[in-house]
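*Asks:* Got chain W; can you put chain F on it based on the hints?
These protein sequence lines map, in sequence, to chains W and F. For what it's worth, my numbering labels the leading residue of the first sequence as 1, then goes sequentially. For what it's worth, my numbering labels the leading residue of the second sequence as 1, then goes sequentially.
Treat the hints as calculated values from the structure; they're not laboratory data. Please note that the accuracy of each hint is not assured.
Note: identical chains are not told apart, hence a pair may lie in one copy or across any two.
[Claimed, not checked] Under the rule of at most 20 Å between Cα atoms (straight-line distance), these lysine to any residue pairs were calculated in the SDA-like manner: (1) K36 x G164; (2) K36 x V147; (3) K47 x L286; (4) K240 x M91; (5) K105 x P89; (6) K47 x T237; (7) K30 x A169; (8) K105 x M91; (9) K295 x E233; (10) K105 x V147; (11) K30 x R168; (12) K229 x G239; (13) K229 x S251; (14) K105 x S11; (15) K30 x R167; (16) K26 x V147; (17) K30 x W176; (18) K229 x R293; (19) K131 x L225; (20) K47 x F276; (21) K240 x R100; (22) K30 x E165; (23) K30 x E163; (24) K30 x R175.
Protein chains: 2
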Amino acid sequence: MREPLDAYIASRCRRVDAALDRFLPKARVKPVTIHKAMRYSLFAGGKRLRPVLCLAAAEACGGREENALPLACAVECIHTYSLIHDDLPCMDDDDFRRGRPTSHKVFGEGIAVLAGDALLTAAFEMAARAKPSRRYAGADMVRELAVRSGSLFLVGGQVADLEGEGRRATRAQLRWIHERKTSALLAGAIRLGAMSANATPAALRALGRFGANLGMAFQVIDDILDATKTSAELGKTAGKDAKAGKATYPSVFGMKRAEAEARRFTAGAVRALRPFGTRGARLRELADHLLNRQK
Amino acid sequence: MREPLDAYIASRCRRVDAALDRFLPKARVKPVTIHKAMRYSLFAGGKRLRPVLCLAAAEACGGREENALPLACAVECIHTYSLIHDDLPCMDDDDFRRGRPTSHKVFGEGIAVLAGDALLTAAFEMAARAKPSRRYAGADMVRELAVRSGSLFLVGGQVADLEGEGRRATRAQLRWIHERKTSALLAGAIRLGAMSANATPAALRALGRFGANLGMAFQVIDDILDATKTSAELGKTAGKDAKAGKATYPSVFGMKRAEAEARRFTAGAVRALRPFGTRGARLRELADHLLNRQK
Numbered sequence: 001m002r003e004p005l006d007a008y009i010a011s012r013c014r015r016v017d018a019a020l021d022r023f024l025p026k027a028r029v030k031p032v033t034i035h036k037a038m039r040y041s042l043f044a045g046g047k048r049l050r051p052v053l054c055l056a057a058a059e060a061c062g063g064r065e066e067n068a069l070p071l072a073c074a075v076e077c078i079h080t081y082s083l084i085h086d087d088l089p090c091m092d093d094d095d096f097r098r099g100r101p102t103s104h105k106v107f108g109e110g111i112a113v114l115a116g117d118a119l120l121t122a123a124f125e126m127a128a129r130a131k132p133s134r135r136y137a138g139a140d141m142v143r144e145l146a147v148r149s150g151s152l153f154l155v156g157g158q159v160a161d162l163e164g165e166g167r168r169a170t171r172a173q174l175r176w177i178h179e180r181k182t183s184a185l186l187a188g189a190i191r192l193g194a195m196s197a198n199a200t201p202a203a204l205r206a207l208g209r210f211g212a213n214l215g216m217a218f219q220v221i222d223d224i225l226d227a228t229k230t231s232a233e234l235g236k237t238a239g240k241d242a243k244a245g246k247a248t249y250p251s252v253f254g255m256k257r258a259e260a261e262a263r264r265f266t267a268g269a270v271r272a273l274r275p276f277g278t279r280g281a282r283l284r285e286l287a288d289h290l291l292n293r294q295k
Numbered sequence: 001m002r003e004p005l006d007a008y009i010a011s012r013c014r015r016v017d018a019a020l021d022r023f024l025p026k027a028r029v030k031p032v033t034i035h036k037a038m039r040y041s042l043f044a045g046g047k048r049l050r051p052v053l054c055l056a057a058a059e060a061c062g063g064r065e066e067n068a069l070p071l072a073c074a075v076e077c078i079h080t081y082s083l084i085h086d087d088l089p090c091m092d093d094d095d096f097r098r099g100r101p102t103s104h105k106v107f108g109e110g111i112a113v114l115a116g117d118a119l120l121t122a123a124f125e126m127a128a129r130a131k132p133s134r135r136y137a138g139a140d141m142v143r144e145l146a147v148r149s150g151s152l153f154l155v156g157g158q159v160a161d162l163e164g165e166g167r168r169a170t171r172a173q174l175r176w177i178h179e180r181k182t183s184a185l186l187a188g189a190i191r192l193g194a195m196s197a198n199a200t201p202a203a204l205r206a207l208g209r210f211g212a213n214l215g216m217a218f219q220v221i222d223d224i225l226d227a228t229k230t231s232a233e234l235g236k237t238a239g240k241d242a243k244a245g246k247a248t249y250p251s252v253f254g255m256k257r258a259e260a261e262a263r264r265f266t267a268g269a270v271r272a273l274r275p276f277g278t279r280g281a282r283l284r285e286l287a288d289h290l291l292n293r294q295k
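Extracted from the complex, chain W is given alone in its bound form (with noise of 0.2 Å):
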């Protein structure tokens, strides 16, 4: 019998905490200031949605979880870097996050920046321990990695996101920002953990169609969300993207064709898991579980 969705995550989010927890540095390593800045914003309580789709794409390709645990735990800390980095003054400038005062609000701008570059460069590190598979080496996962968090997607997608702020977006280059600062990095940890399961090259392209589908829904939702909930019911400041005249899916395509285009992002993601039958039934599973959430 499979195990409900909510006790997968459970199980697998402890599973991920308890690897990042061994992979990087006590807290009581010097220079201490910088661990400790590097754990508070790891273990803030982010949903591990990456991680966990990594491990859940494992499965799918029928290789082991343990394999793709440090892939997974290298994911998590270039999303927990890039969200350090976003919230500084000189960037989105926000003073919470996940319920709690940002890095820079705790620990000072100097030291949040750096504990940004100490996770991305632990990413790498925990990207490179992964055990090779048949049809990709260490090095390969680590290429992915870092294309999909290079300057062509998750940092250049952050760098258009902040020059458009105040300007009006057409509906493309939304998009465009979308599927790099977002899409990228959620369908890189698919791939990373196919690839720690020896995917087929065609399995690995399907993953990363469902991936790339699947970040843009939950990217087109997170503004949705923003517009709609408050900073209490998210555990982050709301209504965020309106007060830096960011463009937004509702912002620019209007409330109800966002939602439609959430729910066809959605579909596409289901769509290219066609070919994995019911193997693919957890990471259909995820995909409905995101499409639902409520913050």
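*Replies:* Only chain F this time, still in chain W's reference frame:
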């Protein structure tokens, strides 16, 4: 007949510059700002000390220079990112570097943070392209780079440096900082060159010792030059360590003893090269060159 040192350095710098230009997205690639910012700092007339040492170490181990090239470029990207972030107002707050305005003065703080992030990420993409040697997988090289750039070394040294401003440091503390802030990555550059050349474990250890000593000599001399030269002579703000209340070798050990320490570290570096005989000649020459530099 061996190439004179100046010609050797100049030709290797050109080779490294050409490879960096090839590895990085062109300045016209979207988002244009980030690629301009990455290139602005990377092609700002740096000495390319670390990549040249990386190539020379590969040569000393009988390897092909071209196999070391992606690693040499990776180390230079890490070095450049660390300068961009160190220069930020929330860190050392420096307006000039290599005789030009620093990244955040030209592009703004947000883009400077992101340019650093993108270069750090690009470094791992480059390292992951390095051809594995018989003893060392690509992932081994990535891990070497990640550990030396992370919270226990490069970033850790910067944290201790930042926290130490305005406080009295002991000799042991100062040495601890310099070992992490400078020596670790410089030694890493040399070890990576050796790994690309399939160095024996003993040769790798010897070159690690060479690099650690050379890195310390290099940083002590940097401290001395900062205290004794003008900004025009250095091409960067002189006397800034004293102004920031930073501990330096001259301020903690006294100038005479600092000079003696620089010679002691250089001698240690040269000693570590003994097993290489004439094969170590170029590395020995580079070490002498660094000890006698005036900027």
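*Asks:* Given a CA cutoff of 20 Å, do K105 and S11 count as a within-copy pair, a between-copy pair, both, or neither?
*Replies:* neither (32 Å within a copy, 47 Å between copies)
*Asks:* State whether the alpha carbon distance between K36 and V147 is at most 20 Å within one copy, between copies, both, or neither.
*Replies:* between (28 Å within a copy, 18 Å between copies)
*Asks:* Is it within a copy, between copies, both, or neither that the alpha carbon of K47 lies no farther than 20 Å from that of F276?
*Replies:* Classified as neither; 25 Å inside a copy, 53 Å across copies.
*Asks:* Can you give me the call for K30 and A169, within, between, both or neither, at a CA distance of at most 20 Å?
*Replies:* So K30 and A169 pass the 20 Å test across copies only (16 Å; inside, 46 Å).
*Asks:* At most 20 Å between alpha carbons: which applies to K240 and M91, within, between, both or neither?
*Replies:* This pair counts as within: shortest intra-copy Cα distance 13 Å, inter-copy 27 Å.
*Asks:* With identical chains treated as interchangeable, where does the CA-CA distance between K105 and M91 reach 20 Å or less: within a copy, between copies, both, or neither?
*Replies:* both (14 Å within a copy, 15 Å between copies)
*Asks:* When no copy is named, should K30 and R167 be tagged within, between, both, or neither for a Cα gap of at most 20 Å?
*Replies:* between (44 Å within a copy, 17 Å between copies)
*Asks:* I want to check one pair: K295 and E233. Are their C-alpha atoms no more than 20 Å apart within a copy, between two copies, both, or neither?
*Replies:* Close inside one copy (7 Å), not across copies (57 Å); limit 20 Å.
*Asks:* Which holds for K30 with E165 at a C-alpha limit of 20 Å: within a copy, between copies, both or neither?
*Replies:* Answer is between; shortest inter-copy Cα gap is 17 Å, intra-copy 39 Å.
*Asks:* Please sort K229 with G239 into within, between, both or neither, judging by C-alpha distance up to 20 Å.
*Replies:* Within one copy only: 8 Å inside a chain, 53 Å across chains, cut-off 20 Å.
*Asks:* Have a look at K131 and L225 and pick one of within, between, both or neither, based on CA distance no larger than 20 Å.
*Replies:* neither (38 Å within a copy, 46 Å between copies)
*Asks:* With 20 Å as the alpha-carbon cut-off, assign the pair K229 and R293 to within, between, both or neither.
*Replies:* Within one copy, since 12 Å is at most 20 Å while 61 Å is not.
Against the hints set out earlier in the document, violations occur for numbers 10, 14, 19, 20.
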